[in-house]
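Visitor: Read off the chains here:
There are 6 protein chains.
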Amino acid sequence: MKKILQVIDRKHKFDEASAHCDVPCGIYDPITAQISALTVVRMVDLLNSHFEDNKETVDFANRASRLVSTKEEHAEKTKHEIRIIWGDFLKEEHFKKYPELNLIVHQIMKLGSECKQHVDRELAIELLKKVNEFAEIFWDIKGESVIIAKAPYAPNLELVYRKI
Amino acid sequence: MKKILQVIDRKHKFDEASAHCDVPCGIYDPITAQISALTVVRMVDLLNSHFEDNKETVDFANRASRLVSTKEEHAEKTKHEIRIIWGDFLKEEHFKKYPELNLIVHQIMKLGSECKQHVDRELAIELLKKVNEFAEIFWDIKGESVIIAKAPYAPNLELVYRKI
Amino acid sequence: MKKILQVIDRKHKFDEASAHCDVPCGIYDPITAQISALTVVRMVDLLNSHFEDNKETVDFANRASRLVSTKEEHAEKTKHEIRIIWGDFLKEEHFKKYPELNLIVHQIMKLGSECKQHVDRELAIELLKKVNEFAEIFWDIKGESVIIAKAPYAPNLELVYRKI
Amino acid sequence: MKKILQVIDRKHKFDEASAHCDVPCGIYDPITAQISALTVVRMVDLLNSHFEDNKETVDFANRASRLVSTKEEHAEKTKHEIRIIWGDFLKEEHFKKYPELNLIVHQIMKLGSECKQHVDRELAIELLKKVNEFAEIFWDIKGESVIIAKAPYAPNLELVYRKI
Amino acid sequence: MKKILQVIDRKHKFDEASAHCDVPCGIYDPITAQISALTVVRMVDLLNSHFEDNKETVDFANRASRLVSTKEEHAEKTKHEIRIIWGDFLKEEHFKKYPELNLIVHQIMKLGSECKQHVDRELAIELLKKVNEFAEIFWDIKGESVIIAKAPYAPNLELVYRKI
Amino acid sequence: MKKILQVIDRKHKFDEASAHCDVPCGIYDPITAQISALTVVRMVDLLNSHFEDNKETVDFANRASRLVSTKEEHAEKTKHEIRIIWGDFLKEEHFKKYPELNLIVHQIMKLGSECKQHVDRELAIELLKKVNEFAEIFWDIKGESVIIAKAPYAPNLELVYRKI
Numbered sequence: 001m002k003k004i005l006q007v008i009d010r011k012h013k014f015d016e017a018s019a020h021c022d023v024p025c026g027i028y029d030p031i032t033a034q035i036s037a038l039t040v041v042r043m044v045d046l047l048n049s050h051f052e053d054n055k056e057t058v059d060f061a062n063r064a065s066r067l068v069s070t071k072e073e074h075a076e077k078t079k080h081e082i083r084i085i086w087g088d089f090l091k092e093e094h095f096k097k098y099p100e101l102n103l104i105v106h107q108i109m110k111l112g113s114e115c116k117q118h119v120d121r122e123l124a125i126e127l128l129k130k131v132n133e134f135a136e137i138f139w140d141i142k143g144e145s146v147i148i149a150k151a152p153y154a155p156n157l158e159l160v161y162r163k164i
Numbered sequence: 001m002k003k004i005l006q007v008i009d010r011k012h013k014f015d016e017a018s019a020h021c022d023v024p025c026g027i028y029d030p031i032t033a034q035i036s037a038l039t040v041v042r043m044v045d046l047l048n049s050h051f052e053d054n055k056e057t058v059d060f061a062n063r064a065s066r067l068v069s070t071k072e073e074h075a076e077k078t079k080h081e082i083r084i085i086w087g088d089f090l091k092e093e094h095f096k097k098y099p100e101l102n103l104i105v106h107q108i109m110k111l112g113s114e115c116k117q118h119v120d121r122e123l124a125i126e127l128l129k130k131v132n133e134f135a136e137i138f139w140d141i142k143g144e145s146v147i148i149a150k151a152p153y154a155p156n157l158e159l160v161y162r163k164i
Numbered sequence: 001m002k003k004i005l006q007v008i009d010r011k012h013k014f015d016e017a018s019a020h021c022d023v024p025c026g027i028y029d030p031i032t033a034q035i036s037a038l039t040v041v042r043m044v045d046l047l048n049s050h051f052e053d054n055k056e057t058v059d060f061a062n063r064a065s066r067l068v069s070t071k072e073e074h075a076e077k078t079k080h081e082i083r084i085i086w087g088d089f090l091k092e093e094h095f096k097k098y099p100e101l102n103l104i105v106h107q108i109m110k111l112g113s114e115c116k117q118h119v120d121r122e123l124a125i126e127l128l129k130k131v132n133e134f135a136e137i138f139w140d141i142k143g144e145s146v147i148i149a150k151a152p153y154a155p156n157l158e159l160v161y162r163k164i
Numbered sequence: 001m002k003k004i005l006q007v008i009d010r011k012h013k014f015d016e017a018s019a020h021c022d023v024p025c026g027i028y029d030p031i032t033a034q035i036s037a038l039t040v041v042r043m044v045d046l047l048n049s050h051f052e053d054n055k056e057t058v059d060f061a062n063r064a065s066r067l068v069s070t071k072e073e074h075a076e077k078t079k080h081e082i083r084i085i086w087g088d089f090l091k092e093e094h095f096k097k098y099p100e101l102n103l104i105v106h107q108i109m110k111l112g113s114e115c116k117q118h119v120d121r122e123l124a125i126e127l128l129k130k131v132n133e134f135a136e137i138f139w140d141i142k143g144e145s146v147i148i149a150k151a152p153y154a155p156n157l158e159l160v161y162r163k164i
Numbered sequence: 001m002k003k004i005l006q007v008i009d010r011k012h013k014f015d016e017a018s019a020h021c022d023v024p025c026g027i028y029d030p031i032t033a034q035i036s037a038l039t040v041v042r043m044v045d046l047l048n049s050h051f052e053d054n055k056e057t058v059d060f061a062n063r064a065s066r067l068v069s070t071k072e073e074h075a076e077k078t079k080h081e082i083r084i085i086w087g088d089f090l091k092e093e094h095f096k097k098y099p100e101l102n103l104i105v106h107q108i109m110k111l112g113s114e115c116k117q118h119v120d121r122e123l124a125i126e127l128l129k130k131v132n133e134f135a136e137i138f139w140d141i142k143g144e145s146v147i148i149a150k151a152p153y154a155p156n157l158e159l160v161y162r163k164i
Numbered sequence: 001m002k003k004i005l006q007v008i009d010r011k012h013k014f015d016e017a018s019a020h021c022d023v024p025c026g027i028y029d030p031i032t033a034q035i036s037a038l039t040v041v042r043m044v045d046l047l048n049s050h051f052e053d054n055k056e057t058v059d060f061a062n063r064a065s066r067l068v069s070t071k072e073e074h075a076e077k078t079k080h081e082i083r084i085i086w087g088d089f090l091k092e093e094h095f096k097k098y099p100e101l102n103l104i105v106h107q108i109m110k111l112g113s114e115c116k117q118h119v120d121r122e123l124a125i126e127l128l129k130k131v132n133e134f135a136e137i138f139w140d141i142k143g144e145s146v147i148i149a150k151a152p153y154a155p156n157l158e159l160v161y162r163k164i
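Chains as they are written, first to last, in our numbering: chain A, 1 to 164; chain B, 1 to 164; chain C, 1 to 164; chain D, 1 to 164; chain E, 1 to 164; chain F, 1 to 164.
Read the hints as simulated data drawn from the structure, not as lab findings.
Because the structure is a prediction, the values reported are computed rather than measured.
It is possible that part of the hints are untrue.
For identical chains, the list gives no copy identity; a pair is met inside one copy or between any two copies.
Stated by the list, open to error - Only pairs whose alpha carbons sit at most 25 angstroms apart, straight line, appear in this in silico PhoX-like list of lysine-lysine: (1) K110 <-> K97; (2) K129 <-> K77; (3) K163 <-> K129.
Let the hints inform the model, and build the full structure from the sequences given.
Guide: This is the structure in structure tokens:
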């Protein structure tokens, strides 16, 4: 009997969780993935300008190594944050309404890796673009309006923000 | 000119990388995800039998806490390992040949989270089943045969192994 | 001679970095700390309502353990993100203009730990309040206006947002 | 009285755990350490071939940095996985039956570090060889037969597999 | 009523915790931060001598990359350890008695980041000096005497030790 | 020819590294492992006294969970720090001079895991004792004298300190 109640309880919690996360806690926000994707672009820009310097110094090697690591970290974070929202918040019903959604997520994973493998502004811009597309669909599902505005920090590219 | 050569070089590396990973290094193997999913089942079993003990002792609380953490860790690892193979190795051409592939990956993400949220053998078995399905498709893409055999450790469930 | 040039170069980079981060990359945004602080409040709410349930089940212990861990993680993240902005972006000149700044940062560290140590809504609200105060000063330094609005997810408390 | 029962309970669990891990969970498998050691060889090969390219580009530095990091990560993982099996599964009785065991483990630790410190195929091959030796002893203790076969991914070196 | 008792209990624990940590556990020791700061100096020395070698080899790049990473890790650890003691152990009353304390902590954060950004012995020495100053105040608060002695490992600089 | 020189260079570095670490950097100090082992004892004490409280409150569960996690973390850290010194600093010549050394290290690994699995003061004291024995041998190899003194924080047990 206790067993049965537990199962029912679980089902109930699933419904309650239908718009929620891994806990489930309900606090999803693509802004963290967007800031990470923007940081990837920033690192590409800093790496490209850095490689115009004298490449023989120890300070050069130090900074090159740190810029690559930071790019790596934020490309990974972008992928991780999107995977959480995709796996925990998005359901099959959303894939029916937005049939391109799974492909966008897969492209973010692929572009995230390619941005690790290369120092290429076009790839990084493409990653940011896909993450912005994802954010737009996300807020549409949540019934919130969005606004497109430039980020207040370099490289000052456009992000899809929730309208406050 | 150097710029152009670099771009060509990158394109070339993409082709070379077409069956490879995040580095890309080419060493993909679903066995790590399968062992993690099996460990999730094991933790559920240990938790269920543990809760038949006296719940008042400090040793009880210590072990309960550690079993939940280990379950958490391996459910996360399952999701992470599958995401890497999906994002880095699998391409759109594979989604055409195996149209259920994206959904299987999404179900692994969803089940991974549900196995964190609950202590439920059916959910854990379902997670393992989906990871085995993924392994079967993976080895089929790689042109390798598979064999189904029981794991040599409790809970001794069947895994899809590459045939050696 | 090369040594001297390197030193000069470093000095120059320090100036350039005056509004920047650990890389320095310049992408600072208190919103991640604010979302983490809000998540701490959310975990306290979920823990409190969770403890009205039957405490004997394995699912109860599983969820209690995960809620505590998530609270822990986000309290730590709140502290870490604020420490980065404080240590890398803020300078002695800012402490002169905002003499309460160091104390606010210290209170965030202290409250972050207290929110780990307890399940107490007042403490969590106080943490969020201090992080909001920090965000307000941060955007003031950056010359950006702010707007106070409710977060679009439970517990729907007010956050200090940059005005877009 | 409760104290005494607790102590007895603990002793009992120790026996039950005699073939088990840190939880103890019983799921030990040297294959993860073997895949990591193989990945170290792979990284050495990729690094060596990479250094035949033009070393001035930013893409060169990016890839060199990532290959070194991945080598580092897998050398560490090799050491960590072997340490777990050694510390949690292996007992003094095994050291009597296999008197070279402690030395093999120490050599894996030493070689793991040397493979971090250098880019040297001979060292990496030696690490893999020692991990294979360890796997062979491990499966012998578990009463399982082994088979030696080439890995299905570059560098396609031989691994000691459990016979399925 | 239970609510009230809980609140009282919490207040009581705060007092008990007044000389304690994040748990609170009471085991604070600046020696770990001091060893980390010393390691930063060591890495700067190793990097500087390393850059006198042939820069074209793969072993050169491997070691350069690892030295930078280790410097990064220990600079971060220095900052993290000091932040814990500052946020969890130090109280407003200590800031009154040692009015320079908050500034010393801020300088450690700033110097920690600068030691990441550069390979500069003066900066690393300055970081160690500030961490030593912090240790001296810490032991003074704890009512312990200190002794200044050279570390028993390169670069054999002076550390502020608790007198045993 | 370059190849040969590289090999010679590597051999030379090995000699230079004979008393050094994973970098190799030469900064080994068992004090961090000793502080961690002491923290394990402290957590056991705090857990035991905590379980005399009312076990129904959410604050009880919160603190129990955190004490177990902290115990876990420091038991792991103890094992990790000792493994580094054993694998990177200690050589076969030391095992000849101190024939019990490998067994002490293995016991630390085993006790570290048992201290995770249980809340047992005797086990934690035994872990600390073995780590102290290790420290004594370590400083003997380094040619430094030691002094036994009580730690300046609870549980105020004796540690083997290097004589300053």
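Visitor: Could you run down the list of hints and mark each one as holding or not?
Guide: Quick rundown of the hints versus the structure:
no.: 1; hint: K110 <-> K97; in the structure: both (23 angstroms within a copy, 19 angstroms between copies)
no.: 2; hint: K129 <-> K77; in the structure: within (16 angstroms within a copy, 27 angstroms between copies)
no.: 3; hint: K163 <-> K129; in the structure: both (19 angstroms within a copy, 22 angstroms between copies)
Hint violations for this structure: none, all hints satisfied.
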